[in-house]
Each structure stands twice: as C-alpha cells, then as structure tokens.
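Peer 1: So that you can map any letter, position 184 of the sequence shown is 302 in our numbering, and since no number is skipped, the others follow by simple counting.
Be aware that one or more of the hints could be misleading.
[Unchecked claim] With beta-carbon atoms standing in for the labels, derived distance ranges:
1) V382 <-> M298: 27 to 33 Å
2) S397 <-> F277: 31 to 37 Å
3) D305 <-> T249: 47 to 53 Å
4) I406 <-> L128: 33 to 39 Å
5) L275 <-> L123: 30 to 36 Å
These are computed hints drawn from the structure, not numbers from a lab.
We treat Cβ as the ideally placed atom computed from N, Cα and C, and that holds for glycine.
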Amino acid sequence: MSAALFFEQLLNGLQFGVMLFLMAAGLTLVFGVMGLINLAHGSLYMVGAFACASVVAATGSFTLGLLASFVAAAFAGVIVEGLVLRRLYRRDHLDQVIVTFALILVFTEGTRWLFGSYPLYLDIPPALQGTVHLPGGIDYPLFRLMIILVGLLVAALLFLAVNRTRLGIRIRAGEADREMIAALGVDISRLYMIVFALGAALAGFAGALVGSVQSVQVGMGEPVLILGFVVIVIGGIGSIGGALVAAILVGITDTMGRVFLPMVFAGFTDPASANATGSALASMLIYILMALVLVFRPSGLFGEKA
Numbered sequence: 119m120s121a122a123l124f125f126e127q128l129l130n131g132l133q134f135g136v137m138l139f140l141m142a143a144g145l146t147l148v149f150g151v152m153g154l155i156n157l158a159h160g161s162l163y164m165v166g167a168f169a170c171a172s173v174v175a176a177t178g179s180f181t182l183g184l185l186a187s188f189v190a191a192a193f194a195g196v197i198v199e200g201l202v203l204r205r206l207y208r209r210d211h212l213d214q215v216i217v218t219f220a221l222i223l224v225f226t227e228g229t230r231w232l233f234g235s236y237p238l239y240l241d242i243p244p245a246l247q248g249t250v251h252l253p254g255g256i257d258y259p260l261f262r263l264m265i266i267l268v269g270l271l272v273a274a275l276l277f278l279a280v281n282r283t284r285l286g287i288r289i290r291a292g293e294a295d296r297e298m299i300a301a302l303g304v305d306i307s308r309l310y311m312i313v314f315a316l317g318a319a320l321a322g323f324a325g326a327l328v329g330s331v332q333s334v335q336v337g338m339g340e341p342v343l344i345l346g347f348v349v350i351v352i353g354g355i356g357s358i359g360g361a362l363v364a365a366i367l368v369g370i371t372d373t374m375g376r377v378f379l380p381m382v383f384a385g386f387t388d389p390a391s392a393n394a395t396g397s398a399l400a401s402m403l404i405y406i407l408m409a410l411v412l413v414f415r416p417s418g419l420f421g422e423k424a
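Throw the hints in and build the complete structure from the sequences for me.
Peer 2: Next comes the structure, spelled out in structure tokens:
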C-alpha cells in the first residue's frame with residue numbers, strides 16, 4: 119500500500135463525509151428543534167438532485183442547477199411541513215414514522231411519473247474537470263476537491279448561523295424549551311417552517327453534488343438517509359459540530375474499509391473471496407462504530423448528557 123493511495127482514499131472519505139454532513143445537518147436540526155423523525159428527508163435529497171439535473175439539461179448552467187436544487191428542495195420542504203408534518207408535532211414518534219414513510223412512497227412514485235425510471239447523468243462543468251496535483255504525487259479530481267471545500271464552507275456558515283445570529287438563538291432556544299420561547303412571543307410555527315426548509319435545502323444541495331459524481335435516479339436518497347441517522351446518533355442530536363465530526367468519521371471509516379479490507383484478506387484467500395469478505399466487513403464498520411459510541415456515550419460524541 120503506497121502513501122499516495124492512502125491519502126487519496128483519505129480525501130475520498132473526507133468528500134463522502136462532507137456529503138453526509140449536508141444530509142445529516144438537516145436531520146439533526148429537525149429532530150433536535152422540532153422533535154420530528156422525518157424518514158422522508160432522503161426524498162428531499164432526491165428532489166434536489168432531479169431539480170439540478172433538469173435545470174442543467176434545460177439551460178446548460180451547472181450554477182443554475184445547484185441554485186435550483188437548493189430552492190426546489192426548500193420549497194418542497196415548506197409544502198410538506200405546512201400540509202402534512204405540522205399535524206404531527208404533538209403526536210408520538212410511531213405516527214411520525216408511518217406518515218413520513220408514506221411520504222417516501224409519494225415522492226418516489228411522483229418522481230418516477232415525472233422523470234421515468236432511468237437514471238439521469240450530470241456533466242461536470244468544463245472549468246471543474248481534470249485533476250489537481252497535490253503534494254505527495256497525488257493527482258486528485260478537481261470537482262471532488264471542490265465538493266470538499268464547498269461542504270466545509272457550508273458547515274462553517276451553518277455553524278455561525280446557529281451560534282452567532284438571532285435566528286440561531288431562537289433555534290437553540292426552541293431545542294431547549296419550545297413552550298417557553300412560544301410564551302415569549304416567538305412564532306413557533308414560523309420557526310419550525312424555517313428550520314425544516316433549511317434542512318431540506320441542505321439535503322437537496324447534497325443530492326445535486328452527489329448526482330454530479332454518480333447518477334440521479336429514483337430512490338437514491340434512502341441509502342444516504344440511513345447513513346444520515348447513523349451520523350446524528352454518533353455526533354449527538356442537535357449538534358452541528360457533532361454532525362460534521364461524525365460524518366467525516368463515518369465517511370473515512372466506510373471508504374477506507376471498502377478499499378483496504380479486501381487487501382488485508384487477499385493474503386489469506388483468493389481475490390474473489392477476499393473482495394467479498396472485505397466488502398462485507400467494510401459495510402459493517404460504521405455500524406460497529408455507532409454501537410461503540412452508544413455503549414460508551416449514549417448521547418453521542420457531542421450530545422448533552424441526560
């Protein structure tokens with residue numbers, strides 16, 4: 119194993135982790151502030167990806183596509199929150215799970231009806247194609263490096279917004295005691311709508327970026343949603359910093375495991391068995407990590423102890 123391969127996979131893990139953070143940030147805000155389990159969050163991720171693909175196909179502008187993903191997912195979030203989820207805040211979590219699971223089916227079949235079942239592909243803008251020569255002899259794709267930088271920038275802006283602005287004060291107060299801030303005159307319904315729209319917009323933006331690297335297809339949000347829940351469990355519910363750290367941990371653990379575990383088993387068995395065994399164990403690593411965190415720190419790495 120060369121040092122160049124190790125650092126290249128480290129960057130791949132960081133890029134994957136940043137994408138998970140954009141997905142999980144909305145989940146942790148919504149659950150931390152609103153107490154809502156939203157299984158349809160992955161569908162908003164898919165909405166952003168399809169919005170980006172559609173706008174890029176129509177205009178040829180990737181910038182407009184990214185803007186469309188942000189706006190479309192936020193708009194879909196506002197509609198869903200106002201028409202459906204607002205009726206679930208005082209219901210138990212089982213009702214929330216059932217209704218948001220039904221929303222997954224609605225979004226899935228609606229997207230298939232509008233766009234068909236075949237995947238769509240986004241072309242990386244010419245300005246972001248090619249590679250960047252990094253120290254250590256690594257030639258890394260420029261677009262993936264851009265995703266890392268943009269994701270970290272969004273994380274910093276979100277952290278500042280939650281911790282340094284008036285809206286952030288209300289969000290944190292709503293997480294701590296929603297009845298009290300409602301009694302102080304804060305429009306709690308409006309606050310919930312803003313939080314949900316922000317989380318939806320971040321998920322849609324993540325979907326657009328991932329769609330540029332992989333493909334845009336129906337049902338693409340559900341696997342990422344599962345990892346998003348793993349991230350907020352590890353990081354701690356309601357913690358933006360915890361979501362970022364946990365997302366990077368999960369991204370690096372998953373990427374490194376899938377690349378290097380088959381190499382470890384290659385010395386003990388044939389290549390086909392080594393790949394199968396290594397891939398199987400790699401897919402378990404993040405859940406083992408989550409289990410260890412739950413055993414030693416049930417509130418998460420950055421969550422407040424009960």
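Peer 1: Indicate, hint by hint, whether the structure satisfies it.
Peer 2: Here's how the hints hold up against the structure:
| no. | hint | in the structure |
| --- | --- | --- |
| 1 | V382 <-> M298: 27 to 33 Å | 53 Å, violated |
| 2 | S397 <-> F277: 31 to 37 Å | 35 Å, holds |
| 3 | D305 <-> T249: 47 to 53 Å | 49 Å, holds |
| 4 | I406 <-> L128: 33 to 39 Å | 20 Å, violated |
| 5 | L275 <-> L123: 30 to 36 Å | 33 Å, holds |
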